[in-house]
Amino acid sequence: TQTVSQSDAHVTVFEGDSVELRCNYSYGGSIYLSWYIQHHGHGLQFLLKYYSGNPVVQGVNGFEAEFSKSDSSFHLRKASVHWSDSAVYFCAVSAGSSNTNKVVFGTGTRLQVLP
Amino acid sequence: EAAVTQSPRNKVTVTGGNVTLSCRQTNSHNYMYWYRQDTGHGLRLIHYSYGAGNLQIGDVPDGYKATRTTQEDFFLLLELASPSQTSLYFCASSDRSSGNTLYFGEGSRLIVV
Chain A
1 TQTVSQSDAH VTVFEGDSVE LRCNYSYGGS IYLSWYIQHH GHGLQFLLKY
51 YSGNPVVQGV NGFEAEFSKS DSSFHLRKAS VHWSDSAVYF CAVSAGSSNT
101 NKVVFGTGTR LQVLP
Chain B
1 EAAVTQSPRN KVTVTGGNVT LSCRQTNSHN YMYWYRQDTG HGLRLIHYSY
51 GAGNLQIGDV PDGYKATRTT QEDFFLLLEL ASPSQTSLYF CASSDRSSGN
101 TLYFGEGSRL IVV
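Residue numbers (the working numbering), protein chains in the order written: chain A, 1 to 115; chain B, 1 to 113.
The set of hints was computed from the structure by calculation and includes no laboratory data. Treat the numbers as computed from the prediction; the structure is a model and nothing was measured. Note that the Cβ used here is the ideal one computed from N, Cα and C, for glycine as well. Mixed in with the good hints, there may be bad ones.
[As the list claims (entries may be wrong)] DEER-style ranges, computed between Cβ atoms:
(1) 68(A) - 96(B): 23 to 29 Å
(2) 22(A) - 96(B): 25 to 31 Å
(3) 84(A) - 88(B): 20 to 26 Å
(4) 83(B) - 39(A): 35 to 41 Å
(5) 62(A) - 20(B): 24 to 30 Å
(6) 115(A) - 15(B): 20 to 26 Å
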């Protein structure tokens, strides 16, 4: 079964800083990896995903993530954060070959961007 | 625009009460999911389904039943609610054709007193 871990519960940076949010997964087969953002009081919204091909994927609003099979990781990055990026970020994994399409989320990382 | 609608948005019930949370999607997606969100635990999968009449057990199913009556509608049932089920519940839908992207509703906050 697939699992995902996000080691940082909270990350605080200043506006204009770069940031990396960490995600590690475990699963032996092909997988979908995704990142979602949750602003306070709302549901989750899709940011980006990886299934195959170029390990660096671009998402909305300047976010990108890099897949590493050797490290079992899919870290999210942004070169210059804005105060509006303050939110909770979730990493998710699902088995690529599964008919049932179970999708499992990490515990989330709260990003706080200070002015 | 893909849409997932949950109801009710807020609910208070007593211990032992009966609660049904409803979810409707207009995305024509095959897969639907129920998650609960709690501080320190992130999103945990309760039940999910890949079509009308189908039900798959998630990671935290105890105390919950679910039913997928149509492709559009997925219900979560708490027949004997307990305070431990106080949580924020999210429904989502997805499909392989959308690249497995999940579309979420706005959540249903349940308080069991």
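**Prompt:** Hint numbers the structure violates, sorted upward?
**Reply:** The structure conflicts with hints 4, 5, 6, although it agrees with all the remaining ones.
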